[in-house]
Amino acid sequence: MVNSPFLMMKVLVVDDHQVVREGLCQLLSAQPDMEVVANAADGRAALDLLNDGLQLNLLLTDMNMPGMDGLELTRRSTKLRRGLRVIVLTLHPLLAVKPRVLAAGAKDCVSKDGSIDELLTAIRAVHAVPNH
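Positions 0 to 131 (numbering that gives the first Met the number 0) are the ones given, in order, by the sequence shown.
Treat the hints as calculated values from the structure; they're not laboratory data. Bear in mind that the values here come from a model prediction, so they are computed numbers and not experimental data. Don't be surprised by glycine CBs; every beta carbon is placed ideally from N, CA and C. Nothing false has been slipped in among the hints.
With a straight-line cut-off of 25 Å between C-alpha atoms, the simulated SDA-like cross-links for lysine to any residue are:
1. LYS97 x MET67
2. LYS9 x LEU49
3. LYS9 x ALA102
4. LYS97 x ASP112
5. LYS9 x GLU71
6. LYS9 x GLY104
7. LYS97 x ALA124
8. LYS78 x GLU34
9. LYS78 x GLY66
10. LYS111 x ASN38
11. LYS9 x SER110
12. LYS78 x ALA127
13. LYS97 x GLY113
14. LYS97 x VAL19
15. LYS97 x ASP15
Taking CB as the label site, the calculated pair distances span:
16. ASP116 x ASP47: 26 to 36 Å
17. GLY52 x LEU90: 25 to 35 Å
18. LEU53 x GLN30: 14 to 24 Å
19. PRO92 x PRO31: 30 to 40 Å
20. PRO92 x LEU6: 26 to 36 Å
21. LEU6 x GLY52: 13 to 23 Å
Based on the provided sequences and hints, a complete structural model is requested.
Here's what the structure looks like:
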């Protein structure tokens, strides 16, 4: 399936910090091309949503969370939903973690220290690339 840049992105936001999660949801919901379809406080809750049939095409997750971290969530969610695009947010230096993030199946890794524009650009870039 080819994602058209004109199709609405349906995003699941996963972060264990409520303020961060709610802030991301507000930011993304304010974009004309993005719809936050759900949010979850941890990887297990996110997987439950996927198993329940939540329709989405992008998963935005924190890397470090209690229980199931973002890397394990990425591995499991991309096996469960072939073609699901995942972006991992992290406070770790990108050069140190990006290879592991990509190996887990994510399409990109974005620093939480980056700008809002960097995050939105990464989301749109990942969405625009066709699945193979």
